[in-house]
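Trainee: As you go down the protein sequences, you meet chains W and Y in turn.
Take the first sequence: its position 132, counting from 1, is numbered 132 in the working numbering, and each next residue is one higher.
Take the second sequence: its position 20, counting from 1, is numbered 20 in the working numbering, and each next residue is one higher.
Just so you know, the hints here were simulated from the structure itself, not pulled from any lab data.
Incorrect hints may appear among the rest.
As the list claims (entries may be wrong) - Computed cross-link-like contacts, DSSO-like style, restricted to lysine-lysine with a CA-CA straight-line distance of at most 27 Å:
id : chain 1 : residue 1 : chain 2 : residue 2
1  : Y       : K55       : W       : K283
2  : Y       : K55       : W       : K360
3  : W       : K8        : Y       : K55
4  : W       : K283      : W       : K8
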Amino acid sequence: MVGASLSKWTMSYFAAALLALIAAEGLMVAGFGFPNAPIRGPETLVLVHLVAIGWLSMLMLGALFQFVPVLVARPLHSNRLPLPSLVLILSGLAALLLGFLQMGGYLALPHSCFPAASALLGAGVSLALWNLGRTLWAARPLPISARFVTVGLASIAVTALLGILFALTLGGVVSHPALLAIASQGVPVHAIVGLGGWLTFTAMGVSYRLLAMFMLAPELDGASTRAAFHFGAVALALVIFGGVGLILLGGHLAFALAAAGTLGLVCVAIYWTDMVHLYRARKRRVIELNSRMAGFALISLGLAATLALAANILGVLPRLAGAVAFLTAFGWLSGLGLAMLYKIVAFITWLECYGPVLGKMPTPRVQDLVVERRALPWFMIYFVAVWSGTVALLIEQATVFRVSAGAMTIATVGLCIQFMHTRRLDHVLTLTSLPESGRPRLLMSAT
Amino acid sequence: MTVEANDELADHVRDALRLVIDPELGYNIVDLGLIYFVVIQDGGIANIVMTTTTKGCPATNYLKEGSRDAAWTVEGIEFVDVSLTYEPPWTPEMMTDDAKQHLGIMRGSGW
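Based on the sequences and whatever the hints tell you, model everything.
Mentor: Here's what the structure looks like:
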């Protein structure tokens, strides 16, 4: 088979991810975690991991199970493994959040939940890595977009390993001095490799291919794209090997982070220029809503990088790190994720319902499954709310931040309702009759 | 059958293939330039060589099967063989002017 087929469990990953996003936004509205609590406090850790694992990682893994086969033009190694991965990661996340709540004194349980969280998350991530890794391995030599994803997958492995070490330390299982040193000082490495390596680098790789596909733009694999890849990969290697090495040698972690940060910013700048080129070189003059909204996510990435650079020059990065992380997680990663979901849900639903009858009867377009004018206001509210929330964090206005989080929650729920209409074929049924297969199941695809 | 009769049958097959759309671009695969050629051999055997807009497209198998099913509806077609190629790779230049206009692409615009 040349190409990819439908990923059975991707919709389940997306549903779990969106529920986690809404839950996290709800917590922010309630004032749970940063900025109402310390940035390293247990409340903030609940919030951060709900977003990073529950929302962004589930979204990314669900999308990768569908799109890694597209990137490498080969089928997924196993269509069965994503389900156990999903169950293990969600169970592990639940145990991790319970562990943080125990740590904060919100729960009194006889045993620490951290060892169980480590085992479950470790097993779930390993299964996903095995499945995606085998798919990529079989497709060597890899195109540039898939090489970004490969580095992203290596980054989730490192992030998970460090996370497991932290959890086992908190659970009282680890006592080796070297491991305790990494556990006590390695949080910045864990956060940067997770947010910058796993989530951002993977999103970059997927966006190179998907945005070119959606906008009919020539695929980029020239010198600039390779430069972005090499700068980013070296930056991540510096954070991981330099950072952990300096911790073990008793040096200053800040040296490795500063060097990696500089290379990372160069990577983001080149990627940003590539994306501008992609938008300018597109053949579709009128682009669809997902590509337009991805533009706002790219603007957010540029703003986050500029903010990080300015804060570092002014020597206030530690104080503004929360705002930079918020803009990166919600403006760039979540903004791009929601924009791509708008297209991917319609595309997967079309494949499932109308692919089998192609050539036998007239079929609607993917675009007929959505009504852009209904989704546009929710996207606009979402991005404005994220940007106002970032400003609120910068000027330390916790109440304004909670109001912004409220607007983000409303916008996310509005978008989820649009995704459900798409999945249930509500929009397209005003144009054509129900396909023979009937409405698809909400949470899984018939393959 | 004569060469003229086979050519006429090939035209009918092309017309039938217009029922198949590229789901993403929302236009029929013939005018998008995804059908590289259709040849009819004696005995009503249709050989179709086609491509997709991008290698690895998740709709690839549906497009292949849809093309086969659409061609089979043509009277006089007894067997259909659809093969996929990425040589040469598809570019927007291969679209008809109608398809380009539908997608808002300027005339003569390739990669």
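Trainee: If a hint holds in the structure, say so; if it does not, say that too.
Mentor: Going down the list of hints, with the structure as the test:
| no. | hint | result |
| --- | --- | --- |
| 1 | Y/K55 <-> W/K283 | holds, 18 Å |
| 2 | Y/K55 <-> W/K360 | holds, 24 Å |
| 3 | W/K8 <-> Y/K55 | holds, 21 Å |
| 4 | W/K283 <-> W/K8 | violated, 32 Å |
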